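Could you build the full structure based on these sequences and the hints that come with them?
Read off the chains here:
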Amino acid sequence: MIWNEARECMSRDELESLQSARLRKAVNRVYHNVEPYRRRMQEAGLEPGDISGIEDIRKLPFTTKDDLRDNYPFGLFAVPLSEIVRIHASSGTTGKATVVGYTRKDIDVWAECVARCCAMAGLGRNDVIQVAYGYGLFTGGLGGHYGAEHLGATVVPMSTGNTKKLIDMMIDFGATGLMCTPSYLMHIAEVIEERGLRDQIKLKATLNGAEPWTENMRKQIEARLGIEAHDIYGLSEVMGPGVAADCHFHRGLHIYEDHFYPEIVDPKTLEPVPDGVTGELVITTLTKEGIPMIRYRTKDLTSITHEPCECGRTTARISRFKGRSDDMLIIRGVNVFPSQVEAALLTVDGITPNYQIIVDRVNHQDTLAILVEVEERFFSDEIKELESLQKIIEHAVHQAIGLHAKIKLVEPKSIERSMGKAVRVIDKRKLV
Amino acid sequence: MYIKQLSVFIENRSGRLNQVAQELKDNNINIISISLADTSDYGLLRLILSDADKAVSILKENGFSATITKVIAVRLTQEVGQLSELLAVLSAAQVDIEYMYSLKSGETEASIVIKASDPAKAVEAIQNSPFELLCL
Ligand SMILES: [Zn+2]
Numbered sequence: 001m002i003w004n005e006a007r008e009c010m011s012r013d014e015l016e017s018l019q020s021a022r023l024r025k026a027v028n029r030v031y032h033n034v035e036p037y038r039r040r041m042q043e044a045g046l047e048p049g050d051i052s053g054i055e056d057i058r059k060l061p062f063t064t065k066d067d068l069r070d071n072y073p074f075g076l077f078a079v080p081l082s083e084i085v086r087i088h089a090s091s092g093t094t095g096k097a098t099v100v101g102y103t104r105k106d107i108d109v110w111a112e113c114v115a116r117c118c119a120m121a122g123l124g125r126n127d128v129i130q131v132a133y134g135y136g137l138f139t140g141g142l143g144g145h146y147g148a149e150h151l152g153a154t155v156v157p158m159s160t161g162n163t164k165k166l167i168d169m170m171i172d173f174g175a176t177g178l179m180c181t182p183s184y185l186m187h188i189a190e191v192i193e194e195r196g197l198r199d200q201i202k203l204k205a206t207l208n209g210a211e212p213w214t215e216n217m218r219k220q221i222e223a224r225l226g227i228e229a230h231d232i233y234g235l236s237e238v239m240g241p242g243v244a245a246d247c248h249f250h251r252g253l254h255i256y257e258d259h260f261y262p263e264i265v266d267p268k269t270l271e272p273v274p275d276g277v278t279g280e281l282v283i284t285t286l287t288k289e290g291i292p293m294i295r296y297r298t299k300d301l302t303s304i305t306h307e308p309c310e311c312g313r314t315t316a317r318i319s320r321f322k323g324r325s326d327d328m329l330i331i332r333g334v335n336v337f338p339s340q341v342e343a344a345l346l347t348v349d350g351i352t353p354n355y356q357i358i359v360d361r362v363n364h365q366d367t368l369a370i371l372v373e374v375e376e377r378f379f380s381d382e383i384k385e386l387e388s389l390q391k392i393i394e395h396a397v398h399q400a401i402g403l404h405a406k407i408k409l410v411e412p413k414s415i416e417r418s419m420g421k422a423v424r425v426i427d428k429r430k431l432v
Numbered sequence: 001m002y003i004k005q006l007s008v009f010i011e012n013r014s015g016r017l018n019q020v021a022q023e024l025k026d027n028n029i030n031i032i033s034i035s036l037a038d039t040s041d042y043g044l045l046r047l048i049l050s051d052a053d054k055a056v057s058i059l060k061e062n063g064f065s066a067t068i069t070k071v072i073a074v075r076l077t078q079e080v081g082q083l084s085e086l087l088a089v090l091s092a093a094q095v096d097i098e099y100m101y102s103l104k105s106g107e108t109e110a111s112i113v114i115k116a117s118d119p120a121k122a123v124e125a126i127q128n129s130p131f132e133l134l135c136l
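In the order they appear, the protein sequences are chains A and B.
The opening residue of the first sequence carries number 1 in the numbering used here; numbering runs sequentially from there.
The opening residue of the second sequence carries number 1 in the numbering used here; numbering runs sequentially from there.
No lab work stands behind these hints, which were simulated from the structure alone.
Please note that a few of the clues may not be correct.
Beta-carbon label-pair distances, calculated as ranges [said to hold, decoys possible]:
hint, chain 1, residue 1, chain 2, residue 2, range
1, A, 85, B, 11, 28 to 34 Å
2, A, 187, B, 82, 17 to 23 Å
3, A, 187, B, 27, 30 to 36 Å
4, B, 50, A, 193, 35 to 41 Å
Straight-line C-alpha distance at most 25 Å; calculated PhoX-like pairs for lysine-lysine [what the hints assert, rightly or not]:
hint, chain 1, residue 1, chain 2, residue 2
5, A, 413, B, 54
6, A, 299, A, 96
7, A, 165, A, 105
8, B, 121, B, 60
9, A, 408, B, 60
10, B, 60, A, 413
11, A, 219, A, 322
12, A, 219, A, 204
13, A, 96, A, 59
14, B, 25, A, 384
15, A, 59, A, 25
16, A, 164, A, 204
17, A, 65, B, 70
18, B, 70, B, 25
19, B, 70, B, 104
20, A, 413, B, 25
21, B, 25, B, 121
22, A, 384, B, 60
23, A, 105, A, 164
24, B, 121, B, 4
25, A, 268, A, 322
26, B, 121, A, 384
27, A, 428, A, 413
28, A, 391, A, 413
Just so we're clear, the structure is a prediction, and the values are computed from it rather than from any experiment.
Don't be surprised by glycine CBs; every beta carbon is placed ideally from N, CA and C.
What follows is the structure in structure tokens.
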């Protein structure tokens, strides 16, 4: 079902004139209300009048996460705190938190966008939806909650942590929808299988985001639970979950272009790249009041298509995320994303083993080694079996990234972990 | 008919082999026979133990990849040509040998451990031959 046909299916011409009008308004808003934006524009010799249509967006300077940190906590807000009804913050692994604020209208727009995502997943007012994202400063819990409520569904605010209770309630309440991270969904599926409850659940669709996952993982989870899983994208700097989601055809995520204007740029030159070419996603919020973002560099790598979708929506679609521009490794001149290696490992037997990518430079040549933990399901007591496993992995990695890697089988739990998470990449070249 | 062999994956890092030996010692498990197959990066340790089931759970708890493999043990006498005769029996039954190693070697008697491509066929062939299977 299409939640807002007027907006999601508008002709590209109509959409463009709507975007142009909204961009002019947004630029005026930040120029007159947000000092750092005004300064940037003045440095670039720009006045609001120079932006007459959406095509002028390229004249505007970029915004980054550093700008949010430098203006901590409220320096980029475009309205006084009396207009702000909610704050969210992301801790970030380095330095200060990034803080975002929402006006009442921002909260309404967010709920509308998440409701569109839920409808895209086939959910509606007759569904019982469990929200199992963390509730709190993180945008997932409340973002999902308000959206599912706006949809008119019966919302169960589970938050995270108690998987047993989540599954018990899923059965007792006849829950048909679930919003959570993909890795938590995997965990839930495992517990359902362990407890032999697969036949008792009525779950039909899930919306999963906030961390990268692969198409293989999505298909695997669908088969295991007998559901349809949807990818939902968002980031707190721009809004939260609900910026984009994939429809029943799963050919990229529809981005709600009436609120968010997407551009794909080369992460090095910052020049736009054509449709279909991978680059960094840059988003401009067209309607946001609390903390508007002008050409915000998401660091997420994807490509875009403006081809109409079979579902009838005319909005542009961004491809499944290929990684983060900050994670990109250049090995022997080839761009490699850890997520590609992960996807390749997944094809070996459908489950991602613990792995570590080690890049080094020996005699001025880059070397690539991948350590893979030999878990029980891989284990054979014959050397030839282990050697053939190494070859299969090497082949899969070569297919994925076009480079030969030395595959080293290592003992379980031997890969270095940091705060419980395996360290995925060690680039020894940086140490030299 | 079959005997249980414990197979352990170990990286070629110093001290790993001793860690396995230490775990077995601490848990009062006797090593009857041992074989190590190695590559440049890792090795496969194969052990015949007084209690393979206990050993596998202990090693797994300690983070090793370990598994029980079904193998057969055959009694031989200390005479020239015994192994050749045994191999002829297996090859006539079209059984391939994945690997083998010595289990015990005494003054008059010896025995070997065999991992056969088709364990059931191997058992049948040996039972219909002058050789004798060993149970532990
Ligand atoms: Zn679609």
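Structure versus earlier hints - violations, ascending order = Of the numbered hints given earlier, those the structure breaks are 1, 2, 7, 8, 13, 14, 17, 21, 23, listed in rising order.
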